[in-house]
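K.L.:
Sequence:
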Amino acid sequence: MAPKKKGPFFFLMRELQNSRKERNLPCSLDDVREEAGEMWRQMSERQRAVYEDMANEHRERGRGSLYNKFTSDGRCIALVLKEEDERVQLLQESITNIQHYVDDMGPVERIIKWPIYIVSTNILCEANGITYPLEIAFIEYTIEKGFIRAFHRFINPGNIPLGFASAAKDHSENTHGIPIIGFEEGITDYRQFVQDLFEFFRITNEDQCPPIFTMRDHILQAEGCLRWIEEAARTPIDIQVWDVLPLLRKLCSAAGNEISQGEAERILYSAMFDYEMKCLCYYHAEIDNIHCALGETRRIGFKMSNVLLSAYEVDEIIEYQHLPPRLDPSSNFEVSQMNVRPARAGWGRRLEPQAGGGDEGSSIPRDSYASAPLPRETRRPSDYYGEEVGPTVVAASGRFGVSSASASSSAVDDEFPSLCDSMQKCQPPSRGASGGMLSRASSSMTSYSDRSETASITSG
Numbered sequence: 001m002a003p004k005k006k007g008p009f010f011f012l013m014r015e016l017q018n019s020r021k022e023r024n025l026p027c028s029l030d031d032v033r034e035e036a037g038e039m040w041r042q043m044s045e046r047q048r049a050v051y052e053d054m055a056n057e058h059r060e061r062g063r064g065s066l067y068n069k070f071t072s073d074g075r076c077i078a079l080v081l082k083e084e085d086e087r088v089q090l091l092q093e094s095i096t097n098i099q100h101y102v103d104d105m106g107p108v109e110r111i112i113k114w115p116i117y118i119v120s121t122n123i124l125c126e127a128n129g130i131t132y133p134l135e136i137a138f139i140e141y142t143i144e145k146g147f148i149r150a151f152h153r154f155i156n157p158g159n160i161p162l163g164f165a166s167a168a169k170d171h172s173e174n175t176h177g178i179p180i181i182g183f184e185e186g187i188t189d190y191r192q193f194v195q196d197l198f199e200f201f202r203i204t205n206e207d208q209c210p211p212i213f214t215m216r217d218h219i220l221q222a223e224g225c226l227r228w229i230e231e232a233a234r235t236p237i238d239i240q241v242w243d244v245l246p247l248l249r250k251l252c253s254a255a256g257n258e259i260s261q262g263e264a265e266r267i268l269y270s271a272m273f274d275y276e277m278k279c280l281c282y283y284h285a286e287i288d289n290i291h292c293a294l295g296e297t298r299r300i301g302f303k304m305s306n307v308l309l310s311a312y313e314v315d316e317i318i319e320y321q322h323l324p325p326r327l328d329p330s331s332n333f334e335v336s337q338m339n340v341r342p343a344r345a346g347w348g349r350r351l352e353p354q355a356g357g358g359d360e361g362s363s364i365p366r367d368s369y370a371s372a373p374l375p376r377e378t379r380r381p382s383d384y385y386g387e388e389v390g391p392t393v394v395a396a397s398g399r400f401g402v403s404s405a406s407a408s409s410s411a412v413d414d415e416f417p418s419l420c421d422s423m424q425k426c427q428p429p430s431r432g433a434s435g436g437m438l439s440r441a442s443s444s445m446t447s448y449s450d451r452s453e454t455a456s457i458t459s460g
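The opening residue of the sequence shown carries number 1 in full-length UniProt numbering; numbering runs sequentially from there.
Keep in mind that a hint or two might mislead.
[Stated by the list, open to error] Each pair of labels, with its calculated beta carbon distance range:
1. Asp207 - Thr71: 16 to 22 Å
2. Val50 - Lys82: 28 to 34 Å
3. Asp53 - Glu206: 48 to 54 Å
4. Gln195 - Ser253: 34 to 40 Å
5. Glu230 - Met105: 24 to 30 Å
6. Val50 - Glu230: 47 to 53 Å
7. Thr71 - Ala49: 36 to 42 Å
8. Pro115 - Thr175: 47 to 53 Å
9. Glu173 - Ser260: 33 to 39 Å
10. Ile317 - Pro115: 18 to 24 Å
11. Asp53 - Gln195: 27 to 33 Å
If you are wondering where the hints come from, they were derived from the structure by calculation, not from laboratory data. Note that beta-carbon positions come from the ideal geometry of N, C-alpha and C, so glycine has one too.
Turn these sequences into a full structure, and let the hints guide you.
P.N.:
Written out as structure tokens, the structure reads:
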């Protein structure tokens, strides 16, 4: 049973206990309970507030004991809870700021022309609370024109932090593919980088930078990269990094088209444009790698356009600025109907793929943007198994290196004569399909050969 919480009345009894103890009188809680109850009934609200403050202070000290408790990775539990509360509070504040930001844009006619800046980054590693950038990209986007301008740079962060070379190498190989050392495209003039960035935003050092948007799970990384550049260039960069998901919801709401949190997540986290190679930078296009900072910003713009164009009734769609074209003659590949193996007998109907029905991760229909369904191909089991009718079934006699019943008898007699005799005596008769009695060798060979073609068809 959990201990009772100590309220204001308990501290009144404790005070009476100390008073009785000084006078050498009985001072147990039972001895003072009746007297304390009478005093409590006669007290005013102001007098009771003194003991209520004592109880609150005691509860605060109890919570403070979390500073002496730690998680499995050595972090103070009290600080972890405090950081989580601050994170939730900052997230709520950013959502409120985004809503005010869109409200300040004005009517719909101004919203579709308002420039929105999207950012994405790739990093070397995170070491000792410091984020070392390798690539950073910004794009300017409007609902009316789509993608307008881009600011893209590779960055040379210097030497790899001691002890993080292996982690940086693994991260590069698994994601962006940028060399971690000796990359000639990486810049080292960080102050010039900041000046070029301010020119991209069309501001000066004294002006307030516009907010930039990215995916929620990339906000901390983007902030860390900007903080590193700010310290390396010794030039303040006061840029707020906000979540693009509340922005998309607010923009849809401003056009009278409300979408839920789940719908916005399905739109932004879908893989609809992941393999659109023409949105990549020259380096990532050359190595055929989709983990490109510039490509990520362009894809976010595509996903936003896929929803906002219909919400704001934008009729003129600019290819590769709003959305990539449905058919690109310069592409060296062709999107065709996905082939599905025929369902096995008795398994019921399988769902057939719907061509041009939009992305699986997005709930927004793409009727105006989808390609026409391709003709369905007739598939046969031989298309999947080649020349063979089906999987080869090895007969029992062949499996153990025996070709017939007589060969089996002679081979076993040569090596294990006594064992062969005992096995032949103990063999039970087999029952055929008609219920008759068959010998073991003949029934084994017949049953496997009869079922081989059936197995080849049903196993498809």
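K.L.:
If a hint holds in the structure, say so; if it doesn't, say that too.
P.N.:
Against the structure, the hints:
Between Asp207 and Thr71, the C-beta spacing of about 43 Å breaks the proposed range 16 to 22 Å. Distance hint for Val50 and Lys82: a CB-CB separation of about 29 Å, consistent with the stated range 28 to 34 Å. For Asp53 paired with Glu206, a C-beta distance near 49 Å keeps the hint of 48 to 54 Å intact. Between Gln195 and Ser253 the C-beta distance comes to about 37 Å, which sits within the given range of 34 to 40 Å.
For Glu230 and Met105, the hinted distance range of 24 to 30 Å is satisfied, since their beta carbons lie about 28 Å from each other. For Val50 and Glu230, the hinted distance range of 47 to 53 Å is satisfied, since their beta carbons lie about 51 Å from each other. Distance hint for Thr71 and Ala49: a CB-CB separation of about 38 Å, consistent with the stated range 36 to 42 Å. Hint check: Pro115 to Thr175, Cβ distance near 29 Å, so the stated range 47 to 53 Å is violated.
Range check, Glu173 to Ser260: about 38 Å between beta-carbon atoms, so the 33 to 39 Å window is met. Take Ile317 and Pro115: their Cβ atoms lie about 19 Å apart, and the range 18 to 24 Å holds. Distance hint check: the CB atoms of Asp53 and Gln195 are about 57 Å apart, inconsistent with the given range 27 to 33 Å.
Of the numbered hints given earlier, the model fails hints 1, 8, 11; all others are met.
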